[in-house]
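Enquirer: Below are the chains, spelled out letter by letter.
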Amino acid sequence: MSVTSVDKDLDHLTLTLIADFAAPVERVWRLWADPRQLERWWGPPSYPATVEEHDLTPGGEVTYFMTGPEGDRHRGWWRVSSVTEPTALEFTDGFADDDGKPKDDMPTMSVTVRLTEHGGGTRMEMRSLFDSREQMEQLVSMGMEEGLKEAVGQIDALLAA
Amino acid sequence: MVVEVDELNDETVDRLFHALADTTRRDILRRCVRGELSVSRLAEAYPMSFAAVQKHVAVLERAGLVAKQRSGREQLVRTDPDAVGRARQALDELESAWRGRVDRMACLLAEDPGSEENDTPEGTER
Chain A
172 MSVTSVDKDL
182 DHLTLTLIAD
192 FAAPVERVWR
202 LWADPRQLER
212 WWGPPSYPAT
222 VEEHDLTPGG
232 EVTYFMTGPE
242 GDRHRGWWRV
252 SSVTEPTALE
262 FTDGFADDDG
272 KPKDDMPTMS
282 VTVRLTEHGG
292 GTRMEMRSLF
302 DSREQMEQLV
312 SMGMEEGLKE
322 AVGQIDALLA
332 A
Chain B
8 MVVEVDELND
18 ETVDRLFHAL
28 ADTTRRDILR
38 RCVRGELSVS
48 RLAEAYPMSF
58 AAVQKHVAVL
68 ERAGLVAKQR
78 SGREQLVRTD
88 PDAVGRARQA
98 LDELESAWRG
108 RVDRMACLLA
118 EDPGSEENDT
128 PEGTER
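Each protein sequence line maps, in turn, to chains A and B. Quick note on the numbering used here: the first sequence kicks off at 172 and runs consecutively. Quick note on the numbering used here: the second sequence kicks off at 8 and runs consecutively.
Below, computed lysine to any residue pairings styled on SDA-like, alpha-carbon distance capped at 25 Å:
| no. | chain 1 | residue 1 | chain 2 | residue 2 |
| --- | --- | --- | --- | --- |
| 1 | A | Lys274 | B | Gly42 |
| 2 | A | Lys274 | B | Arg33 |
| 3 | A | Lys274 | A | His183 |
| 4 | A | Lys272 | A | Ala204 |
| 5 | A | Lys179 | A | Ser253 |
| 6 | A | Lys274 | B | Asp34 |
| 7 | A | Lys272 | A | Ser253 |
| 8 | A | Lys274 | B | Gln96 |
| 9 | B | Lys75 | A | Met313 |
Please keep in mind that the hints were generated in silico from the structure rather than gathered at the bench. Computed from a predicted model, the values in this text were never measured in an experiment.
Work the whole structure out from these sequences, hints included.
Expert: Here's what the structure looks like:
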């Protein structure tokens with residue numbers, strides 16, 4: 172498995188994940204820097220991502236949408252704050268409306284990525300933190316609602332059968 | 008909603024599903040995440056009587072999905088009062104999302120360990 176360690180800081184709402192890959196730093200960087208590569212791993216298989224704009228420069232933006240099983244589209248964006256090719260990247264990840272405009276009332280996350288050469292391969296350290304506790308709560312409630320809808324939907328289906 | 012699996016007996020599950028099997032009650036859960044609404048403020052949002060909304064809140068309360076908190080003369084309704092549990096849940100979800108991403112990254116790297124177009128000699132092995 173590629174994931175070497177995961178650390179969750181409940182007080183600072185931060186996830187730190189370390190992964191080791193058997194590929195050179197420049198190659199792992201390309202997973203982030205090439206939009207066609209990025210869209211093959213950013214979204215889960217049931218919600219594949221399509222990357223539209225992809226400007227990995229400070230102040231630049233990446234815009235993408237994920238397509239759900241029923242053709243539903245969920246738009247998101249990154250605002251890039253710092254780039255040191257091919258070893259470091261910092262950006263804010265957030266939700267966008269149907270026109271791709273950032274939704275200000277939706278949660279955002281700050282993401283920091285570092286790539287270093289390690290044991291002949293690449294170590295990737297990824298830190299992701301919720302920008303506020305309120306936003307974290309909002310995300311959980313959205314996830315909870317999704318889960319509830321699904322559970323209730325399944326029960327409805329069972330009863331109808 | 009922090010429910011220990013081994014604590015789930017039939018009665019608890021019945022109460023939980025009954026509580027969730029109603030659009031208004033699911034909506035109340037969503038509105039009360041921040042715990043800023045009293046039952047009367049909440050009641051203003053629905054085309055039904057205060058008593059009916061109060062009844063819905065009571066059902067959610069019995070299922071352990073919301074808690075009431077006294078604030079001055081008001082009772083504020085809050086979805087899942089366990090903030091630590093919520094933080095853990097949020098980070099767990101984030102972790103599983105990133106584990107999936109890392110797995111997919113590893114697959115892509117296995118497919119193409121070097122670089123495809125601008126071939127560099129150190130592409131495959133060092």
